[in-house]
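Residue strings, one per chain:
There are 2 protein chains.
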Amino acid sequence: MTNFSSANSAHLAAKFRPPSVDQVRVGGFFGPRIETIATTTAHTLLDRCIAAGMLDQVDPDRPNPGLRIPFQNGNDTVSTQMFWDSDFGKSIEAAAYGLLHKPDAALEARIDEIVDAYGRLQDENGYLNSWYQRIEPGKRWTNLRDCHELYNAGHLMEGAVAYYHATGKRRFLDIMARYADHIASIFGPGDGQKRGYCGHPEIELALVKLGRATGERRYLDLARFFVDERGQRPNGQHYYDREARERGRDPSDYHFATYEYSQSHIPVRDQRHVVGHAVRAAYLYSGMADVSTEFGDGSLKPALETIWGHLTDKNLYVTGGFGPSAHNEGLTFDYDLPNETAYAETCAAVALVFWASRMLGLGPDRAYADVMERALYNGALVGLSLDGTQFFYDNPLESRGKHHRWTWHRCPCCPPNIARLVASIGTYLYGEAQDEIAVHLYCDSVAELKTAGVAVRIRQETAYPVEGSVRLTLEPEHAAEFTLSLRLPGWSPQVTIRVNGEVLDPAGVEEKGYAKLTRLWQAGDHIELEFAMPVQRLYANAKVGVDQGRVALQRGPLVYCLEGVDNGEDLNALVLQPQSGFRCEVVDGIGGLPALVTTGWREKSESDHLYTLSAPQRVPTEIRAVPYHVWDNRDDGEMLVWIRAEADQ
Amino acid sequence: MTNFSSANSAHLAAKFRPPSVDQVRVGGFFGPRIETIATTTAHTLLDRCIAAGMLDQVDPDRPNPGLRIPFQNGNDTVSTQMFWDSDFGKSIEAAAYGLLHKPDAALEARIDEIVDAYGRLQDENGYLNSWYQRIEPGKRWTNLRDCHELYNAGHLMEGAVAYYHATGKRRFLDIMARYADHIASIFGPGDGQKRGYCGHPEIELALVKLGRATGERRYLDLARFFVDERGQRPNGQHYYDREARERGRDPSDYHFATYEYSQSHIPVRDQRHVVGHAVRAAYLYSGMADVSTEFGDGSLKPALETIWGHLTDKNLYVTGGFGPSAHNEGLTFDYDLPNETAYAETCAAVALVFWASRMLGLGPDRAYADVMERALYNGALVGLSLDGTQFFYDNPLESRGKHHRWTWHRCPCCPPNIARLVASIGTYLYGEAQDEIAVHLYCDSVAELKTAGVAVRIRQETAYPVEGSVRLTLEPEHAAEFTLSLRLPGWSPQVTIRVNGEVLDPAGVEEKGYAKLTRLWQAGDHIELEFAMPVQRLYANAKVGVDQGRVALQRGPLVYCLEGVDNGEDLNALVLQPQSGFRCEVVDGIGGLPALVTTGWREKSESDHLYTLSAPQRVPTEIRAVPYHVWDNRDDGEMLVWIRAEADQ
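Chains A and B supply the protein sequences, listed in that same order. Counting from 1, one number per residue, gives the positions in the first sequence under this note's numbering. Counting from 1, one number per residue, gives the positions in the second sequence under this note's numbering.
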């Protein structure tokens, strides 16, 4: 039986919390992307939600739209229409971050209209779910396993917190706090309460966010309850089994076969492997990490750390995406990393950024921050077109030319997810602790932080990720002693640190991949960082058969790929030379990032038969690579991340 | 509108028919395998059929077993229990060929018992289908699209013909002839007749077989009707649409979305691409080729030849399997040939042998015979374990060690299919025409053939496929002039032909890859053939991305693979050297065939991380390959057909 108490606080380091989005003003690489989200994507998201009929479903004074999206073939309990509240919640969240960047009265009015509809929809007792109140009344709380009921609540909560931070308006926050109170009355260990938890984790991390925003501990307690209860078998029965029988259904008549799909097969503290649906997994682990941080609960660490290792050592795409399978939108088995059929849902890479960020809540550790950066700049960012209007859902690492971003998708979870991540990127750059500030990511920005009882402004000046030089300037409101921990990216083979012009040996101050500088900081103190950023070739473990004889190119945090528009057809006929160097080049239409150019070979066969005895001939050719996340922004064509490479003999 | 008439007989060459199985006695490579089928597999097949409950369903005097296998999830009109008649038909067919090889009174008695049950089940009007008569009465002919109704009839017909040839017993044949007459009364262009055709082609080729065995032309007419009617839209309506509406269902509520799945989307003469379910496709094309041959109907040739080209030029695995996708058990798009997930159903390779053999009905052409041989020795034969008791359903070209043959399968179509093919292999060796005998395949054997009005015994003495020398001895009952056409395998770079000791230049007599020897043949005439059989490396077209930088090894008709039991783990870490030679070696447990051994490299990384900057080092190592069709007969381990190979610089 699992020990629920937070017995291991002595083992925990200082508690790190991310700054709220309004504390960090971002320019540089992400600035224009936030601008695009604020001016274009936010409106697009709301347009698409409303065009789909979502406001008709939410607003109780509008005619009931009824069932618009049929129940899914083969999974007769779910319609994506059940998720509409979450689509609104995430879209409002993304739009709210946009408002922080750039006030927009029209956008704010649109959100106020939606919030008002939710306010009028909310049940007297605080319940709020447009599907169950308008489309399937009488069924609330009857199928937590499948129907995303608390998931919807979580995303609305996150939207409400963001809107509050962006505008100071409390209405949405109050609505969601009432709903959270109602949920806390329904779910819990008390008599007559349900000992259930959502089939799609999300409420856990959302309640922590709500608790942090309102200062109310009871929301943190509810988050912890959901984490602790998951996968238990009180009286020998799993909640979902019991719930199915109460619906008159056979528990084993379940489309996804086992509860690994929702990581609820065993209690979370006993789990050691990443399994099931990828986004559910990463949202759950995010919630677990948040609960661990907030309660100083070290009993969650073995699961978190081991699962993290299982994911990153054996199941992560080089782009930071994960979950190869379309069938369960998730995991299959170790080293199963096919390229052309990679599912690698955008939401999964986004969720990995969320999880990594929360692991940093336990203290700076490059193991988490490096992966956060990899997922952010590659597997997540690829989900958004440069013009902010089109989106990828699944993200292969190879394409024959027919994989393109969507204008919209019948399950539109990914667009607002990548939008809200990018628009709130400031919150991921830093961690604030009692006597320490951690710098996790580099981007031209100004942050108003707090530590050691003082306000500290930190300005970053940098052209990252195009170049690896960063100048940080500190302005504490008065001189104060604290630790500034600077991440030294694992990909950089050579790091130079200067503090106020004086060179510092990184080896002397490095801890878990961060340079920890503890001193009395004064206004005007500055640090110059130089991260060597060579073009690098990555090799995959031999157990990833499809990547053998190939390399993935990276430069700094950016993973690169070949596109047909630059290199012609049959990208698999291209071969890199063993020692060839790369030069950076300007190419239009790839967001101002450098392309990499080298000389390699193209293999040409004299035969166009399917199989032939004659080996192809090699012809020298220029090979041009662009950052993976910008692919499919120019003309149609093939794409390839893992490029054939001749071995060095 | 398609021209149905057989207007192009002037374009057709002589009509070739395969000898019946009793005309050819096979030894050599296939002899022991036929022995195994006769003594073991035939019994195993009947055991499994009966253990599944099939005889309980067929025998009207046994208690009704009811629905034993639920309707399929997602396809609520089909249960594999509907196919039981076909499983019996094919198993009886395989067993019948076994009886020809080796009389077995016990086996014969088992078949008689089953035939007797069918006889007692048969409706007065001739209808015979154990599912519709015993499990779902009142539903006959209501769902041709899904329910395999005529498919079952076809396999029972094939079984009946084989049993007749094996034993001289007419009972089963008469039963099936009565059923065929009944089907002919139900289906046809006349008033009150149904203009339907089966969703799973099979009846077409079976009716041709029945017509040839009984001499009754009306069965050939019915086969032609089904071929001609397929995909038509009389009065603008597709038969399956109309049939669905008559069942009260929406035609578009169809699990497989389009009628490409059953190659009935457009009339067959208009088709130019291989699409849909692989086995359905190849059975249909087999039936079309038979109808073309029997009626001298050249109007089917453009479709047949173009579809053949589409399959073999862009959609065929090097093993002769096809159909990469598990979802539709069939085709997806050109050059989609993934290795680890290849579906390549055993039945599909078997059906390709059937189709190729029937294309040869239009005359000898190496284009068809080479593919027939490739599919036979690799993609089909792999479906049967060396001991004859275990079976593959799907056949990847790469495995991590968890893909194994089945003892049985809930859809047991493949075991009796590969068994009946192997046990009747004699019929594929030759084609008989008016003044010509074609030799398509080489195997130690004695055949009693007929041409130019004379009986001709042909003896082949050969260790093929271990060696490429073949000695043929002819014994016409008296001297007679005819053409003997000898296939010159496309894989052989050098061919020597001696007739009665005199060397003959192949170039002078070659036509479509056959050496055509027209002369007055006398008893004792002999031909020595020497086919050079070097180890060869095949390269795949650049559009098959996963095979680039790799080769498939073949020697003669056998395609080779690496197995973990010979080479250790991580087969994708092995690299062939550019010019390395191979030696043949004896290895236990691989059916007496040669293994191929060479020196190559194993790549070893100093890191076991998932991704690393350090390139692996190469260490020389012995690499041992075995024939693909014998894999998974020894210890568990990985398997790999497309092996990495260093380019020649």
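You may find that some hints are simply not true.
It does not matter which identical chain is used: a pair holds within one copy or between any two.
DSS-like cross-link-like pairs, simulated, lysine-lysine; straight-line CA separation at most 27 angstroms [unchecked claim]:
1) Lys314 x Lys209
2) Lys102 x Lys450
3) Lys450 x Lys516
4) Lys314 x Lys604
5) Lys15 x Lys301
6) Lys450 x Lys604
7) Lys209 x Lys15
8) Lys301 x Lys169
9) Lys604 x Lys543
10) Lys543 x Lys450
11) Lys543 x Lys139
12) Lys604 x Lys301
13) Lys512 x Lys402
14) Lys169 x Lys543
15) Lys402 x Lys194
16) Lys102 x Lys604
17) Lys543 x Lys194
18) Lys402 x Lys604
19) Lys209 x Lys604
20) Lys139 x Lys102
None of these hints come from the bench; they were simulated from the model.
Cross-check of the supplied hints:
In the homo-oligomer, the alpha carbons of Lys314 and Lys209 never lie at most 27 angstroms apart, since the shortest distance is 31 angstroms inside one protomer and 54 angstroms across protomers. When the C-alpha separation of Lys102 and Lys450 is checked against a cutoff of 27 angstroms, the pair qualifies only within one copy, where the shortest distance is 24 angstroms, while the shortest distance between copies is 91 angstroms. For a Cα distance limit of 27 angstroms, the shortest separation of Lys450 from Lys516 inside one copy, 17 angstroms, qualifies, whereas the shortest one across copies, 93 angstroms, does not. Taking identical chains as interchangeable, the C-alpha atoms of Lys314 and Lys604 lie at most 27 angstroms apart only when they sit on different chains, with a minimum of 18 angstroms there against 35 angstroms within one chain.
For the homomeric pair Lys15 and Lys301, the shortest alpha-carbon distance inside one copy (14 angstroms) is at most 27 angstroms, but the shortest distance between copies (77 angstroms) is not. For a Cα distance limit of 27 angstroms, the shortest separation of Lys450 from Lys604 qualifies neither inside one copy, at 61 angstroms, nor across copies, at 49 angstroms. For the homomeric pair Lys209 and Lys15, the shortest alpha-carbon distance inside one copy (15 angstroms) is at most 27 angstroms, but the shortest distance between copies (80 angstroms) is not. When the C-alpha separation of Lys301 and Lys169 is checked against a cutoff of 27 angstroms, the pair qualifies neither within a copy, at 37 angstroms, nor between copies, at 75 angstroms.
Only between protomers do Lys604 and Lys543 lie at most 27 angstroms apart by alpha-carbon distance; the minimum there is 11 angstroms, versus 29 angstroms within a single protomer. For the homomeric pair Lys543 and Lys450, neither the shortest alpha-carbon distance inside one copy (46 angstroms) nor that between copies (57 angstroms) is at most 27 angstroms. Proximity of Lys543 and Lys139 under a CA criterion of 27 angstroms is satisfied in neither setting, with 47 angstroms inside one chain copy and 52 angstroms between copies. In this assembly of identical chains, Lys604 and Lys301 lie within 27 angstroms of each other by CA distance neither inside one copy nor across copies; the values are 53 angstroms within and 34 angstroms between.
Within a single copy, Lys512 and Lys402 get their C-alpha atoms no closer than 42 angstroms, and across copies no closer than 39 angstroms, so neither meets the 27 angstroms cut-off. With identical chains, the CA atoms of Lys169 and Lys543 are never at most 27 angstroms apart, being 53 angstroms at best within one copy and 57 angstroms at best between copies. With identical chains, the CA atoms of Lys402 and Lys194 are never at most 27 angstroms apart, being 47 angstroms at best within one copy and 42 angstroms at best between copies. With identical chains, the CA atoms of Lys102 and Lys604 are never at most 27 angstroms apart, being 53 angstroms at best within one copy and 54 angstroms at best between copies.
Taking identical chains as interchangeable, the C-alpha atoms of Lys543 and Lys194 are never at most 27 angstroms apart, the minima being 45 angstroms within one chain and 56 angstroms between chains. Taking the closest pair of Cα atoms, Lys402 and Lys604 come within 27 angstroms of each other only inside a single copy of the chain (23 angstroms); across copies the shortest separation is 36 angstroms, beyond that limit. Within a single copy, Lys209 and Lys604 get their C-alpha atoms no closer than 57 angstroms, and across copies no closer than 47 angstroms, so neither meets the 27 angstroms cut-off. Proximity of Lys139 and Lys102 under a CA criterion of 27 angstroms is satisfied in neither setting, with 41 angstroms inside one chain copy and 67 angstroms between copies.
Hint compliance for this structure: hints 1, 6, 8, 10, 11, 12, 13, 14, 15, 16, 17, 19 and 20 are not met, and every other hint is.
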